[in-house]
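Chain order of the listed sequences is A, B, C and D. For the first sequence, our numbering gives the first residue as 279, with consecutive numbering after it. For the second sequence, our numbering gives the first residue as 593, with consecutive numbering after it. For the third sequence, our numbering gives the first residue as 5, with consecutive numbering after it. For the fourth sequence, our numbering gives the first residue as 857, with consecutive numbering after it.
These aren't lab readings, by the way, just hints derived from the structure by calculation. Be a bit skeptical, because a hint or two may be false.
Simulated restraints on C-beta separations [what the hints assert, rightly or not]:
(1) C/K164 x D/D1048: 38 to 48 Å
(2) B/V611 x C/K164: 30 to 40 Å
(3) D/L1061 x B/L791: 25 to 35 Å
(4) A/D564 x C/G61: 27 to 37 Å
(5) C/S7 x B/R607: 45 to 55 Å
(6) C/L128 x B/G610: 30 to 40 Å
Cβ coordinates follow ideal geometry from the N, Cα and C atoms, glycine included.
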Amino acid sequence: MKLSRRSFLGTSAALSAASIAGSFAGGAWAASDTVAIASLHDLSGALDIYGVPSNLCMKVAVEEINAAGGLLGKKVELKVYDGQSDINKYPQYAQKAALNDRVVMVQGALSGAAREATRPVLRKYKIPFIYGSFYEGGLCEKNTFCVNTGGNQQVVPLLEWSFKNLGKKLYYIASDYNAPRNFGIWNHVMAKREGGQVLADDYYPLDVTDFTAAIAKIQAAKPDVVHSCLVGGPAMSFYRQWAAAGMLKKIPIISIVFAAGNEHEVLAPEETDGVIVAYNYFQELDTPKNKEFLAKVEAVAGKNHPYINGEVFGGYSGVMLWAEAVKRAGSFEREAVLAALESSIRWEGPAGVMTTDGPTHNTTQDVHIIKVENRVWSLIEKKEQIPPDTYGGKCNVFTNPNQTDFLMPQI
Amino acid sequence: MSGPPILATRGLVKRFGGVAAVDGVDLVVNAGEIRCLIGPNGAGKSTLFKCLTHQHQPTSGHVLFEGRDLQGLATHRIARLGIAIKNQIPSIYANLDVRENIRLAGLRRGLEKRQLDRVVELTLDEIGFNERLASQPAATLSHAHRQWCELGMLLASSPRIALLDEPTAGMTREEMLKTVDIIKRLNASATVIVVEHDLEFIARLAQRVTVLHRGKVLVEDTMDKIEANEIVRDIYLGRKKEATHAER
Amino acid sequence: MDSFVILCFAVVNSVALLALISLGLAVIFGMMRVINFAHGEFIMLGGYATVIANHCGVNLWLSMLVVAPMFVALIGAVAERLIVRRLYGHLVTTMLATWGLSLFLIGAVTAIFGNTTMGVSAPLGNIPIGAYSIGAYQLFLIGITALLVVSSLLALHWTKYGLIARAAMQNSEMAATLGINCDRVYAVTFIVGAAISGLAGALLAPISGVLPHMGAAYVARAFVTVISGGGALITGFLSAATILGPVEALLSYFATPVVGQASLLLLAVIILRLLPTGVSSLWTGGR
Amino acid sequence: MMRQVKHALFPVALVLFAALGPFVLEPYDLVNLSAFSAMAIAALGLAFVWGTLGILNLGHSVFFGLGAYAYAIAVSNLGDSTLAVLIGIAMPVAFSLVLGYFLFFSRLGDVYLGVITLCVTLIFYSFMTSTADPSFHIGPVPLGGFNGITAVPSLNMPGDPQAFLSTEATFSICLLSLAGAYILLSFLRSSDAGRIMTAIRESELRSELLGYDIRFYKLVGFAVSAAIAGLGGALYTAVMGYVSPNVFDLPQASQFVLWVIAGGLGAFVGPVVASFGFQLLSSQLGANQVFNTELIFGATIILFVMLVPQGLQPMLLGLSSLKFPNRFGILRRKEKPA
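Based on the provided sequences and hints, a complete structural model is requested.
Below, the structure written as structure tokens:
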């Protein structure tokens, strides 16, 4: 094979690829009367419980936009990919969306691992990435915009409330992976700030189903409140075994992930009643905007549509915020859309007012502290317009435009 | 004869649980011999062979090869010293063709490719396999041909000692005679110890015969003397002869 | 004192759970040398059968103890007939085919019921022990697991079917010459194994999340327990569960759960290295 | 002679594809096929150790995963990708020698050996998922727990870490590596050592009685398969730009086994084709939602195993030479119950 050094080298080739990609993108939507965005979700496999409703929310948003005449005179087309709960699929499909479908925006990749695998690919091909799941916070990257809550927006209000109302001694039990460990640091931040005490940080592998010893440990520690960040199907065993041991009525459980996997439906009411969580959105939210939204969901997915929780709501708000930005920019170009998102896009949706935050590339929004009773959530307290954490000024894409690594909260 | 015998055992014992299959065998075999081991079923012949090659670890006692104690050596190490064995149950590479089987046996000798090829063809000739048989998978061979294939493998590996456990079992007389020929060729360069029941076979081959009984050496002598030995007749030959009569 | 009792309970509980999730697999592997990768999905189907029967108004105990095992036995019969029977003697091929079956069952359940199903909660209330309290249902679970194991042992050693099954397992050719229909024995064994897995799933339904993918959490663990148990059918895996369970439970309690889980696997590796045909080779003298 | 020509056909096709692919394929397909090739390389390692040497290694993914992690850590620390790929090969080899010593120097039955390796890969999975804490790092690179290591640099010019190779060049390298692995293993298989390995698969006892140290050959074969898997893992990480603990998990381990069986045990071309086929299928299923992906994929596996039990390559060869009596192949016979 005789490839000259020049053609073999990436620096030049990457440049050309980027320019090609750019011209593709431009060409693709400039000429046709549709513009494509991609939905990258687990529609099968163990994580479809998050992926399917989030994808549905994106669909609802796209239909709403198209029903109102589309964007800049073009219909929005939703390219759907099934990540199959296999992280290897994410970079593949992100690439396909960028190179083959020439989409102008990608949303999804909800799990942390999927997000981390997808982010670099989209950065490389210069396709804006809207991240719709709540997460640990600290992601301040030029090419990514986070529209759901970051760590401080959930943990801070929930723990403020719980230290005040439930007691100062907190026991943290969580699944053993990145986000729960990061949330765990927020616990300590809050304990320090509010004079509370974190009795233990227990991390369990994702496939543990026997929590007998875990429950014994909690009983021995006698906390005022248990903060659970257990995620996934196997971890549902914890709540059942907790209730079976008669603990549900003795020590209250707070959580920022409970219900994201429809735990409150899979589990019986006598196992979940009284669990308290904090989300930007919940389906029972009693506002006119939410009634409208739910009607649209029903129109798309029928009356028995999956429960829309705070996790998957990002599928809707992400597309809507992006659409607002496109309107303001008057263009689908990456630079223009990102610039518009950075210029504080204000959008009033089912969960109240959401405003994109320029420097952090995160979103200021309301957070609701809610409680479940007989599989139905009711509002306890609403915390209005919580801004994303700035991580001491380090979370700033204006001053650190090349920042891609995560920022960690400091205790 | 100067120097130590090529193979000797001293007080060799092999127990399985409480049963001693080999119970203190002292055996001396000189270089160049063809030695026959006989004995009724359960006398410990096959077990003795397996102890010699460490397919079974002896419970106690020693195996000496040219005066060297084999204790602690792995089976393949013993094979490398030049002790080759054909077990009672044929063990060949069933899915490989005969030529490949023989080649694999010769390969260990570290010959040049051309020399090895010559050894393989020579061996095929010695066991009387034509081209068609040589290129057949070993699994498709008849019973006798399988035995010969395995003997061919022993030939090709050029051993110092060949241990043969019932090489003619299940053969017709003609096949047995051919086997005798092959073993004679083997004996040209190797000492042969063979376990057999067939008297004619033994008479044609063996200079000395060792009789094993209940894991011990009962007697060791020439075939004529053994045949005349009353005790041996009682425990083994007599019964065997009756049996052969009865079969006819 | 009460903490000691609780710790003992946790240990016994982990042994019982390990035994419960492995028994069905042990029967199938021990008798037929078939590694059933769809074992986890049989458990899942047992859970689903219980939950759905219960929602249709069937009494919970009836759904758990009768409906679920029967339903999964039916699925097992179909799977045996269509897949496993055609692949006997081919260990790896069977393993792959049952892996395919496991994905297929997950897909089918998701397609039919979606990924969210309302569960049933644990009956029987709880029992206080000093500063602690434990679920009475978990005690019931330990009891019924012991009952299951004992009755399997008895069935295997004291009934005519057990004798036939053991004969077929020891030497199928010889059993065939004795007039035993080995195909039929294998079929019955597979169905019984499936029914036990289904029962395990049913019993677990009130204390675990009944979801299409719930099987994945059990299969590797059951697999490791059964293989490190070795050749002896019931006693083998039982002893493996008795060794592995406490190690995991205690290390999870005193160290971290990750250490506990890793130690379970590491211990299985060491057991197999020292006793290449499993724990039961200690008293059966190898296979 | 004909045989040699036939053997050369496949690598020649791969080399041609490596040369022409960049001119005819879309960039997306190039990236995708690069990743598929990396996986296929790893599958070849298993095809060799299982098909030639008879070692049923259910945890082959451990070597793939070690190669993937070794590359990710090395390239992020050193910058130069050539050295990192070599480290990605060396790490699994070193581990395979330790593990192999542990396994082959005791008399383990094949299922039990398979289960031990499977346990080992699951231990790695458990360990790697629990490294989310930033205190787990090698040099400046955090192991990253469940999320893995991201933004791993792709291949660059030897000695010039800033000169990243283009998608086209990476594609060519991956396919050439696949051809290289194929040629290397084919040569090894037909060499004297390879014949002895085949002999060991056929009969361990006979080989031992002929004076071959079966433990040594198994160890060597195991290490070779680990090296090939490591190369696959390193290239995969280089192409995808990230590595996560999933490289060690049960589905990954099962996939390698599936590809080798589907391609034909004892064959090399078959497993490569099967690996491309199944990866393409799974990728297509995700891109076009026809029905539940798992249902279709599961049904495909069942049908494949039932209808083509002896594997793709032996079946096609059998069809072409119309040897119907022998259709169920010699290789099927090898697989015996535990």
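Hints versus structure:
A C-beta distance of roughly 56 Å is found between C/K164 and D/D1048, which places it outside the suggested range of 38 to 48 Å. Distance hint for B/V611 and C/K164: a CB-CB separation of about 34 Å, consistent with the stated range 30 to 40 Å. Distance hint for D/L1061 and B/L791: a CB-CB separation of about 30 Å, consistent with the stated range 25 to 35 Å. Our hint of 27 to 37 Å for A/D564 and C/G61 holds, since their Cβ atoms are close to 34 Å apart.
A hinted range of 45 to 55 Å holds for the C-beta pair C/S7 and B/R607, which are about 52 Å apart. In this structure the supplied range 30 to 40 Å is violated for C/L128 paired with B/G610, their Cβ-Cβ distance being about 54 Å.
The structure does not agree with the numbered hints 1 and 6 stated previously, though it agrees with the rest.
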